[in-house]
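Note that the protein sequences, when read in sequence, are chains A and B. Heads up: the first sequence begins at 2 in the numbering used here, then just goes up one per residue. Heads up: the second sequence begins at 626 in the numbering used here, then just goes up one per residue.
Please keep in mind that the hints were generated in silico from the structure rather than gathered at the bench. A couple of the hints might just be wrong.
Beta-carbon label-pair distances, calculated as ranges [stated by the list, open to error]:
no., chain 1, residue 1, chain 2, residue 2, range
1, B, 789, A, 142, 20 to 26 Å
2, B, 635, A, 162, 30 to 36 Å
3, B, 892, A, 278, 42 to 48 Å
Using N, Cα and C, we set each Cβ at its ideal position, and we do this for glycine too.
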Amino acid sequence: MSISIRRLHKHFGGEVSGLDITQPLPRDVVAAIEAGMDRYAVLAFPDQPLTDEQQCAFSRNFGELEVTLIGQLSKPEERRLGDRLELGDISNLDAQNRLRARDDQKRMYALANRLWHSDASFRAIGAGYTLLHSRIVPSKGGNTEFADMRAAYDALDDATKAEIEDLVCEHSIVFSREQIGFAVQDDGNADKLRPVRHRLVVTHPVTGRKSLYLSSHIGGIVGWPVPEGRAFIRDLTEHATQPEFVYAHKWRVNELVMWDNRTVMHRARRFDDLHEVRDLRRTSIKGTGMTAAPAALQAAE
Amino acid sequence: MTISIRQIHPAFAGEVSGIDITRPLGADDVAAIEAGMDRHAVLVFHDQPLTDDQQRAFTRNFGTLEQAPGGHVTKLHERRLPIDMQDASNLDQHQRPLARDDRRRMFNLGNQLWHSDSSYRAVPAKYSLLSGRIVVDKGGHTEFADMRAAYDALDDATRAEIEDLVCEHSLMFSRGVLGFDVTDGERAMFRPVRQSLVRTHPVTGRKSLFLSAHAGSIVGWPVPEGRAFLRELVEHATQPRFVYSHKWRQYDLVIWDNRQTMHRVTRFDESLVRDMRRTTVAGDAMTVSQAA
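Using the sequences plus the hints, can you model the full thing?
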């Protein structure tokens with residue numbers, strides 16, 4: 002079976018039609034979606050009224066589901082979506098389905114999603130795909146933007162490519178929150194906050210294309226003075242998120258968008274979150290070891 | 626002598642010719658330069674081999690030299706230049722490039738972030754004047770962003786939202802974001818000051834965004850929300866269409882109006898010598914009254 006994909010942006014992004022992903026899918030369709038992901042890095046599936054269960058089932062076609070960090074850091078009574086820890090709550094609602102107050106700590110934590118990042122890059126093995134499904138969308142704003150890290154890598158000059166080829170970065174959830182003045186509390190979760198190392202230049206296991214593995218979770222470059230590393234990462238991020246490499250996704254209700262965290266960064270844009278509801282639900286697929294030898298990198302400590 | 630100014634970017638910035646600024650200037654020349662600054666916000670003068678004294682003298686045409694303490698972490702005995710000349714080089718007091726991990730170099734890296742000079746002072750700077758004594762061939766550009774054009778391009782809802790916002794500025798924020806280790810003594814010296822986010826030029830009446838890497842929060846907003854919003858405004862205001870990138874030639878002098886522009890330096894090979902010297906014209910008013 003072939004699926005139909007309409008290109009959304011010069012470099013990447015595709016919209017998939019002719020498919021009902023609320024139903025179990027045959028192997029060849031899953032393979033076609035994966036081939037589409039390798040090529041487009043971001044795929045949007047409009048008009049898919051998925052339940053939580055169906056979203057998890059569709060996601061499992063692509064690998065094992067990741068448990069969300071915010072779920073792990075939250076108490077059971079704080080979770081709106083119950084004990085399904087693999088379902089990330091990307092909403093501005095609290096456990097009682099009320100809009101979060103302006104100074105709500107979870108809101109503060111989530112504001113860092115407005116910085117360009119790659120999901121779970123703060124883990125020794127970052128996320129593979131992320132799948133985000135829209136249940137309620139605001140009337141204005143709240144777009145998700147994607148930046149193509151393959152095209153951004155290709156556009157670097159040779160001197161920069163040579164300079165960054167073997168660089169290794171340290172990533173932690175603490176760094177991305179620190180940038181906007183939010184201190185992540187340890188609360189006995191020190192192991193989840195400790196920086197992990199990833200190569201800055203990674204190679205896609207299927208296509209062999211190189212891309213920049215950037216993320217707001219990066220707090221330094223190994224072997225570099227911290228301020229120099231951070232300034233350089235900011236420069237690279239600015240380069241990689243030029244309009245040339247960015248696709249802005251305007252959400253419609255019941256849309257599923259999936260992206261490959263190994264080849265794109267993303268961020269959420271601002272909306273009137275004190276007055277309007279935005280309810281999106283996220284599943285992530287465990288990565289399979291993208292960086293050359295993650296175990297060796299961690300051991301190099 | 627007649628000076629002429631050629632605009633070098635669609636929105637702002639002019640290149641001045643027909644004047645020798647190493648010599649004392651007549652009142653009409655000074656007035657012509659000030660009028661050019663009001664209009665272009667950045668002016669470039671080529672082939673002006675200024676001495677420090679000549680640079681000071683030229684600067685005094687536009688007001689008082691800013692020489693207030695508190696804007697740096699360099700100890701007096703480590704200074705390469707007198708206190709009224711800001712050292713924008715990568716050199717130590719022995720004229721050698723700073724070591725990679727030298728604390729002064731770590732601090733200077735903050736200049737790679739978009740900022741407005743002295744926005745961390747209650748009375749922020751008027752003009753900055755930067756003289757290129759020794760320049761590098763590759764990188765080390767100074768980029769300027771036109772905060773008037775950036776303001777004009779905002780939609781009405783955003784303009785209304787920001788009209789009365791006040792930000793807190795401190796060197797702690799611009800240095801903190803890069804992970805520079807601020808000592809307790811420096812923290813006391815870098816106490817935040819308040820600045821209006823929207824300011825109006827005293828001569829032209831044009832509004833502009835008063836943004837800076839030193840801005841770390843918006844008064845009355847939760848800190849993360851303020852910072853996230855300020856980042857978005859900076860991103861908007863530093864789009865290529867608002868940015869002029871100045872590639873230095875030796876003996877260029879560039880003046881910019883900190884009330885209407887932000888600027889930053891771009892990366893360069895710091896094993897090479899880049900000797901830039903800055904004088905600053907002090908501002909004459911606070912943008913908003915300070916917290917009691």
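Results of checking the hints against the structure:
{"no.": "1", "hint": "B/789 x A/142: 20 to 26 Å", "in the structure": "holds (22 Å)"}
{"no.": "2", "hint": "B/635 x A/162: 30 to 36 Å", "in the structure": "holds (32 Å)"}
{"no.": "3", "hint": "B/892 x A/278: 42 to 48 Å", "in the structure": "holds (43 Å)"}
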